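Chains as they are written, first to last, in the working numbering: chain A, 1 to 199; chain B, 1001 to 1292.
By construction, these hints were calculated from the structure, which means they are not laboratory data.
Since the model is a prediction, treat every value here as computed from it, not as a measurement.
Covered stretches of chain B, going by a simulated chain A footprint (3 or more residues, C-beta under 8 angstroms):
1) 1044 to 1050
2) 1058 to 1071
3) 1103 to 1109
4) 1112 to 1118
5) 1169 to 1176
6) 1182 to 1196
7) 1230 to 1237
For glycine and all other residues, C-beta sits at the position ideal for the given N, C-alpha and C.
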Amino acid sequence: MEFHLTTPIPPEKLKEIKIGDIVYVTGTIVTARDEAHLKALELHKEGKNPPVDFEGIGLFHCGPVMKKNEAGEWIVVAAGPTTSARMEIFQDEFIKVFHPGIIIGKGGMGERTTKACREETCIYGYFTGGAALLAADRIKKVKDVFWFEELGMPECLWVYEVEDFGPLTITIDTHGGNLTEESKKNIQANKEKILEELK
Amino acid sequence: MKDIAQVIEETAVHLLKIAATKLPSDIKESLLKGEKETEGSLGKSQLQAINENVNLAETYSKPMCQDTGLVSFFVKIGDEFSLKSEVKTALIKATKKATQDVPLRPNAVDMFEGNTKNNVGIRDYVPWFYFDLIEGDKLEIIAMPKGGGSSNVGMLKMVPPGKGIKGVKEFVVEAVAAAGPLACPPYTVGVGIGGGEDMCMNLAKKALLRPLYQYHEDQKIAELEKELLEILNKLEIGAMGLGEGPSVIDVHMEFAARHPASLPVGVVISCWALRHAGATIDKEGNVEWHPH
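Next up, chain A with everything else stripped away, as it sits in the complex (with noise of 0.2 angstroms):
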C-alpha cells in the first residue's frame, strides 16, 4: 500500500500503515543525529524543552551538506539518510518524550524502537541510503537550523518544509513489525549455513 501523509501525522493514520508499505510525507521533518538525540534528551531531563516540538512531525537520521546563497539563506546540496543503528541506545526514549510520527533513516532499527513505536504509535520509514540527491529534491525550504554553533553541521537540527518526501518503505510499525530484523534473521540462517558448508 502507499501513504501520502501530511505532519503532524494523526496517530489513528499511523496505525493503518504495516510493514513494507511506500509512504511519501509532506510537512515538516528535522534532522537529528547522535549529538542532537542527546542533547535534546539532556535538555528535558534539565526540565527544559528544546527549540523544536517533535510531536507528529519527521525526524530525519540525517548529516547534510548545506551550503549560503549569496542571499545568505541556507541551501540543502545533499541530505541522503545516516545509519539508524546508532540511535538504537536512546531512540525509545526520544520517542517516549518527543513523539516524533515518523522516523526517517537507513539501515533499520532494533528491538528497543519497535517496542517504543508499538505503544508510543511510532513508525520507521527506510530511505535509500546514500540517495542524498533524490532526498534534497524533495526538501522545498529550509525553514529553521539550531544548535549549529554547537554540534556543526551535520549534528545540529536543521528543520525542512517538505513534499511528497520519500518513497520511504515501513520497516517498522505501530504494530512490532520489524522488516530489516525478519531480514538480519534470514542472512544468520543464511550464513550459519554456509558456514557449515564451507571447504
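We have chain A already, so just place chain B on it with the hints.
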C-alpha cells in the same frame, strides 16, 4: 614553468570533486545491471533510487551522498619528481579547498575541540596518506573518500594460523553477515591478509581500488575471490538489506607475508558508492587523468 605545488593542489581538488560526484564507470554499470536483474519490487525500487541518484549527481556535479567521507590519498612519488614533503602540504590545502568548493561535508571531528569544519584534523593524520616511493619522474594521486557508515562495519581478526584459508573465509563471511543491512549494500568487499594487524587493514582498503571483476594476477587468489563472491551473495542481504537483489558486487583480496604465529585478516567494506578518482602528474606539471 608551472608552479608544481599549485598543480598538485588544483588536481587534488578536482579529484575530490570527481570522486564525490561521479561514480567510476565499472561501479555504475554494475549497479545498473543489478537493477535490471533484480526481480523483487523492494530491492528493485532501492536500486532504481540509487541509480537515479547517481545520475542526478553526475548531471548537477553534486555529491552523490551527503556523507562525502573521511579523505584519504594513495600517493606514489617518483625518484625524479621535484617535490616530496610539499606534496603532503598541497594535498592538505586541496582538502580544505574542496570542502568549500565541491562542497564536501566537514567530517573531521576532534575528540576534544569538535568538528574542524575543513576535513583536516588539527592533530595531523587526517587526511590519511598512503605513500609509496617509485622509480621515474611522476607523481600519482588517488583520492579516496570513505563514508562513516561503511567504515563502521570494517573488521579485523587475528585468525589462528592453524585454521588456514578456511579460517579466512569464515571470518569474511562473519564480517559481511554482521554488516548486513547497516552499510548501504550492495557492497564491494576488500580483504587484506598477512602483514601485521595494521597492514592487513591497509591492504583491505587498497584492494577496493582494483577495478571490478579484475581478479588477482595469482590464479589461486583469483579463484578465492570468485568463490567468496559467490558465497557472500548466498547471505541474501540484498539491496539496502531488504533481502532482494545483489548483496556483494565484487570481492578483492591482497596478500602480504605473515608472521608464523599470526594470520591477520582485515575486511574493509564499501557501500554501493565506492568512490575514488586518480591522476598522474609529470615533473613538468602536465596532468593525466585516470580513466573514470
